[in-house]
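A.B. asks: Residue 304 in our numbering is what sits at position 304 of the sequence shown, and the numbering runs on without skipping anything.
Some clues are possibly wrong.
Claimed, not checked - List of simulated lysine-lysine pairs, BS3-like, C-alpha gap at most 30 Å:
| hint | residue 1 | residue 2 |
| --- | --- | --- |
| 1 | LYS15 | LYS190 |
| 2 | LYS190 | LYS10 |
| 3 | LYS10 | LYS211 |
| 4 | LYS275 | LYS190 |
| 5 | LYS211 | LYS275 |
| 6 | LYS211 | LYS190 |
Worth flagging that the hints you see were computed from the coordinates, not collected in a lab.
The model shown is predicted, which means the values in this text are computed figures rather than measured ones.
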Amino acid sequence: MADPIKWRSKIILAKINSDAYGTDPVPTGAANAILMTDVELRPMEGQDVSRNLERPFIGAQQSVPVGVHVVLTGSVELVGSGDTGVAPAWGPLMRMCGVAEVVTPDDAPGDGTVEYTPVSDEHEDGAIYFWIGPTQHKMTGVRGDWEWTHNAQAIPVVRFTLTGLFAAPADATRPTVDLTGFQPPQVATKTNTPTFTLGGVPLVLSQFSFKLGNAVEQRLLIGREAVLINDRNEQIAARVEAVPLTTFNPFAAAFASTEHPLVLEHGTVAGKRIKLEAPHCTVARLSGYEQSQNVLEWPLSLSPQPLAGDDQWTLTLS
């Protein structure tokens, strides 16, 4: 009898496809390994259609699986590659979510950047290989969505939900993985997250989340099987210490639908710094007050608005 398969035996590889949609770019352990936390694989998402047979007796009905696809969820720590002008190892996951990656290498030491912005069309896809024990699951045509969480005294993480076309799992040789591209993170603190401003006003931040809000659809038809990103609705939630209304007035901002630039900077080391800029955020009505340690807090709901298109936010690594 074979030994039991250990739960902590997962291997994840991810690679962008540069060929026709759904082509397998064949990721490798040496070049494409991904370091994730809280990983969940749903290997046969879909529906079960009953055959609904009319028989001269009663009993259970057979069903047929339809619309089968694969969903992988997992989080990566939000930290750069460790070198300016070098894309992070988790970059392919961003690109699978309808986000463009522009790498500007160093001209002078330390001046290179990696920039991520949303795109409306020509979304990239990729492949993900997932092992648990000897069992390999292959996902192709992968596209997805993410949510970034940045809370005080916690590690900033981006949680990806990635959807791909189904292939029958099989036992396969486990690769040797290289995870050296993943750097240790910096916890969100006053020192490590030196800037959070809304409308140019510095605010004390306790909780922050940024939902990309992709509408990810499985279009499984005769003549076409694809995972599509058909819409997007970014939402930012920021829980901040309340301030006098003469400093910042969220009630007036909601009524006037005025746009406020948001800036969040995190990281103190070159190659590990991140900066989010959302220059045209509207403020939703304040649904209520919150408190933490008997300190009044505002739960702000913000919507990054596009101006010319695909310019509602920029994430820069430097």
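A.B. asks: Now, for every hint given, state plainly whether the structure supports it.
C.D. replies: Quick rundown of the hints versus the structure:
Taking the CA atoms of LYS15 and LYS190, the gap is near 35 Å; set against the 30 Å cutoff, the hint is violated. This hinted pair does not check out: LYS190 and LYS10 have alpha carbons roughly 35 Å apart, beyond 30 Å. Pair hint LYS10 plus LYS211 holds up; C-alpha atoms about 26 Å apart against a cutoff of 30 Å. Taken as a hint, the LYS275 and LYS190 pair is honoured in the structure, with Cα atoms around 15 Å apart against an allowance of 30 Å.
The straight-line distance between the Cα atoms of LYS211 and LYS275 is roughly 16 Å, inside the 30 Å bound, and the hint therefore holds. As the CA atoms of LYS211 and LYS190 are separated by approximately 23 Å, the hinted pair is consistent with the 30 Å bound.
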